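K.L.:
Below, each chain spelled out in residue letters.
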Amino acid sequence: MKLLLLPCVLLLAACSSAPVQPWERGNLARPDMAWDTDPLHSAMRDHVNVSKEGSSGGLNTGGGGCGCY
Amino acid sequence: MTKTKKCNPLAALTTAALALPAISHLAHADTAPVKTELGYRYSQYQEDDIDDNKILIGSPQRYEVDNHAFRLVTPLNAQLGLTVDGSYETMSGASAYGVAADAQGEPKMIMTGASIDDKRTDVSASVRHYREAGSVAFALGYSGENDYTAFNGSIEAEQQSADRLTTYSGGIGYSSDELEPEQTPGINRPTSEDKSALNAFIALTQVMNAGWQLQGGLFTGMHDGFLADAYKARDIRPDQRQLFGVMARSRNFMPSLKAALHTDYRYYNDDWGIQSHTLEFAWHQSLTQQLRLVPLLRYYSQSQADFYVDSDSINNSGYQSSDYRMSPFGAITYGLGIVYEEAAYRLVANVERYDSDGDMALESVDQENPALVNYNLMSVGVDYRF
Amino acid sequence: MPHFLSHAFRAMGSPCCIHLYAESPAHGAEAAQKIEAEVLRLEQKYSRYRDDSLTAAINRAALEAGSIEVDSETAALLDYAHTAWLQSDGLFDITSGLLRRAWNFRTGKIPSQKEIDLLLPHIGWGKLTWHNPKLSFTRRGMELDFGGYVKEYGADCAAAVALQQGIQHGLIELGGDIRVIGPHPDGRPWSVGIRHPRIAGQVLAQIDLASGAIASSGDYERCIEHNGQRYGHVLNPHTGWPVQGLISVSVVADHCLLAGSATTIALLRGDTGTDWLDSLVLPWLAMDMHGTVYGTLAHSVSSADA
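Protein chains in written order, with the working numbering: chain A, 7 to 75; chain B, 70 to 455; chain C, 48 to 353.
Treat the hints with care, since some could be wrong.
[Claimed, not checked] As a list, the in silico SDA-like pairs of lysine to any residue whose alpha-carbon atoms are at most 20 angstroms apart: (1) B:Lys-177 <-> B:Ala-351; (2) B:Lys-327 <-> A:Ala-40; (3) B:Lys-104 <-> C:Lys-92; (4) B:Lys-188 <-> A:Ser-57; (5) B:Lys-104 <-> C:Gln-211; (6) B:Lys-327 <-> C:Leu-329; (7) B:Lys-104 <-> A:Asp-42; (8) C:Lys-181 <-> C:Gly-240; (9) B:Lys-104 <-> C:Gly-234; (10) C:Lys-81 <-> B:Asn-146; (11) C:Lys-156 <-> C:His-74; (12) B:Lys-327 <-> C:Ser-326; (13) B:Lys-188 <-> A:Val-56; (14) B:Lys-327 <-> B:Ala-351; (15) C:Lys-81 <-> C:His-54; (16) B:Lys-104 <-> C:Pro-232; (17) B:Lys-177 <-> B:Lys-104; (18) B:Lys-301 <-> B:Ala-170; (19) B:Lys-104 <-> C:Tyr-68; (20) B:Lys-104 <-> C:Asp-233; (21) B:Lys-177 <-> B:Gly-127; (22) B:Lys-104 <-> C:Gly-213.
If you are wondering where the hints come from, they were derived from the structure by calculation, not from laboratory data.
Only a predicted model underlies this, so the values are computations on that prediction, with no experimental measurement involved.
So that you can see chain A by itself, here it is in the shape it has in the complex (with noise of 0.2 angstroms):
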């Protein structure tokens, strides 16, 4: 399984457009499919819904805090 692999080439490589992406580390490793993808924006909606609402809770063990607004 003998690849050539050009190192000299590959370091004077012509520019291309290629975007700089993290490493592929399989699909369910993709930012997209995070089970939270946003958490700081969650933190925000989460609370927002349980102060609106009369339901709370979830697979997590949730904050403190009044959220009567």
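Position chains B and C against the provided structure of chain A, taking the given hints into account.
P.N.:
The following block gives chains B and C in isolation, referenced to the frame of chain A:
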């Protein structure tokens, strides 16, 4: 090639490969952070004015909130990760004082005359210790408003099975809150009240294949103490509330569409008589390597609490509340998010519209609460990794 | 400014090379040393040439139809072998190494059918019992060989170690199988050449990889030419004879392990290998014995050959 009963060979091989430590380490996000990440979100929450014809006394203007939230995630060493969250928000607007029947017997709002202004500061920190196939996290938090102080702490743990495809997780949290309502001359309010909440959950996460994982779990909570609304004229509730819920979530990536479908369902039930269903779909559509569009749809429906009343009455004895949160209603949220992600930073923007209505409830509602809210929530933010 | 470092070493019977960008020369040297140590760990653990390896311990149990309990990493590798065996209709078989007793590619002798027939009863993944963590052999004289996929797995392990060391830009090459840690610091992909299976020193195709892995396999590695017929080293475990069909296959996947087993299974499938590769929906390139090039990467083939 002949069709066989086997599923996609790539999916089968990838699923088997995910059981290998070196590969699952990369595939599962739950490893100690390697980089430091700083995040900031500015959110603006704005409730619609109440229809004039639903108000008996007071201003139609309701709440608006400006929220600044910060987050720091950083590795402490190869096994320890630290997360610090902080948020600061200012709230202003009129609050509902109560609901009274008008001359025709229709329930109408009584709003507090003066605009309430308040500030809330929230800080929490959590340390997570990562081991080969699991992690344990400890968190402490504080939340303070002019009239409200809360401390909370929690422990969460998760463990992967030997084949790394199943993750068991669970946690328990406790919060101790103190309420010191602002006093308004002429209105009789409690001066100092306590409440506490104990919450716990267990969950199971299963990797179905390389592009699909499912999570299911149960949660429960026990709230104790002063659970009523101190600012309402007549709001008398039990001093205990036990809740129980079931949650199911799915994350499904479709390579051909370059899209991920997120589905979340929650069933909730408590001993005040409220049952609710929440169903949420989010579609994460990658447009380019960096750009992602995320439309979102959420449906919520709840039944009323046993002691819910259409309008306040001093003739009633025992528990009663005319709070719209205790009333039967349904709500729909439409949202759109946009994410621009580079290796070193991420820009995000979200808009959301929430409409609630008695007619949107799963069960028919005879008398809709006049205080049901409709709101817009918009937020912009940036995350920076270094 | 990131420091570029290349580090070459030998492991698993092949030349290996690490290319990476580090924060400092010392950081790079430390990372390279840890990456090499990880590859050597796997070589020691799974080499069939070492008496102290786990493979040797398993094969001692196999010799006397005994059983052995294995650690979780090995268990996951056995689970993977089982899946690959199922997905290849029994062609990917880690018990088929026994056929090397008949096929010696160094001497170039073609074995007789009788020699092969003596070995075939001792070959077949389905003939042993695997219940994690216990592997039991019910007949004497079988043999396990992880050589068919542990090098590719090693490239993934090496990349995991690199990431743990804070290396985000680099590439790992283990005997021609390549796993990208991450693109060049400015985001440019690595440019990887695929060797021409018949013309020595010539590049068949050049492929840009910013992430993921590429593995190649073909009959140019080891083969016997006899009476004008080429006998490749990829042996069908059902017949004991080399497969005919494709002479070179390269597959790009997220993980080197997947890329490697995909190339092996495609070669084992012979004439239907290209159909099977199509069904994977992974980028691939193959050449048959007439020199015809197939696959979704065929456009990358150097113009001289196209």
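K.L.:
Determine for every hint whether it applies to the structure shown.
P.N.:
Taking the hints in turn, this is what the structure says about them:
1. Proximity of B:Lys-177 to B:Ala-351 is assessed by CA-CA distance (about 36 angstroms); at most 20 angstroms being required, the pair is judged violated.
2. Proposed proximity of B:Lys-327 and A:Ala-40 is supported: the alpha carbons are some 15 angstroms apart, at most 20 angstroms.
3. Between B:Lys-104 and C:Lys-92 the CA atoms are separated by roughly 32 angstroms; this puts the pair beyond 20 angstroms, and the hint is violated.
4. Taken as a hint, the B:Lys-188 and A:Ser-57 pair is honoured in the structure, with Cα atoms around 16 angstroms apart against an allowance of 20 angstroms.
5. Taken as a hint, the B:Lys-104 and C:Gln-211 pair is honoured in the structure, with Cα atoms around 11 angstroms apart against an allowance of 20 angstroms.
6. For the suggested pair B:Lys-327 and C:Leu-329, the alpha carbons sit about 15 angstroms apart, so the restraint of at most 20 angstroms is met.
7. A threshold of 20 angstroms between alpha carbons decides the hint, and for B:Lys-104 with A:Asp-42 the separation of about 19 angstroms falls inside it, so the pair holds.
8. Taking the CA atoms of C:Lys-181 and C:Gly-240, the gap is near 42 angstroms; set against the 20 angstroms cutoff, the hint is violated.
9. Taken as a hint, the B:Lys-104 and C:Gly-234 pair is honoured in the structure, with Cα atoms around 18 angstroms apart against an allowance of 20 angstroms.
10. With a CA separation close to 17 angstroms, the supplied pair C:Lys-81 and B:Asn-146 stays within the 20 angstroms bound.
11. Under the criterion of a C-alpha separation no larger than 20 angstroms, the hint pairing C:Lys-156 with C:His-74 is inconsistent with the structure, at around 50 angstroms.
12. Proposed proximity of B:Lys-327 and C:Ser-326 is supported: the alpha carbons are some 18 angstroms apart, at most 20 angstroms.
13. For a cut-off of 20 angstroms, the pair hint linking B:Lys-188 to A:Val-56 stands: about 18 angstroms separates their Cα positions.
14. Note on B:Lys-327 and B:Ala-351: the hinted pairing holds, with a Cα-Cα distance of about 14 angstroms set against a maximum of 20 angstroms.
15. Between C:Lys-81 and C:His-54 the CA atoms are separated by roughly 12 angstroms; this keeps the pair inside 20 angstroms, and the hint holds.
16. A C-alpha spacing of about 16 angstroms is found between B:Lys-104 and C:Pro-232, which places the hinted pair at or below 20 angstroms, so the restraint holds.
17. Among the hinted pairs, B:Lys-177 with B:Lys-104 is inconsistent with the structure: their alpha-carbon atoms are about 54 angstroms apart, more than 20 angstroms.
18. With a C-alpha separation of about 15 angstroms, the suggested pair B:Lys-301 and B:Ala-170 falls inside the 20 angstroms cut-off, and the hint holds.
19. Distance hint between B:Lys-104 and C:Tyr-68 is fulfilled; the C-alpha atoms sit about 16 angstroms from each other, no more than 20 angstroms.
20. For a cut-off of 20 angstroms, the pair hint linking B:Lys-104 to C:Asp-233 stands: about 18 angstroms separates their Cα positions.
21. Proposed proximity of B:Lys-177 and B:Gly-127 is supported: the alpha carbons are some 11 angstroms apart, at most 20 angstroms.
22. Our distance criterion of 20 angstroms between C-alpha atoms is met by B:Lys-104 and C:Gly-213, whose separation comes to about 8 angstroms.
Of the numbered hints given earlier, the model fails hints 1, 3, 8, 11 and 17; all others are met.
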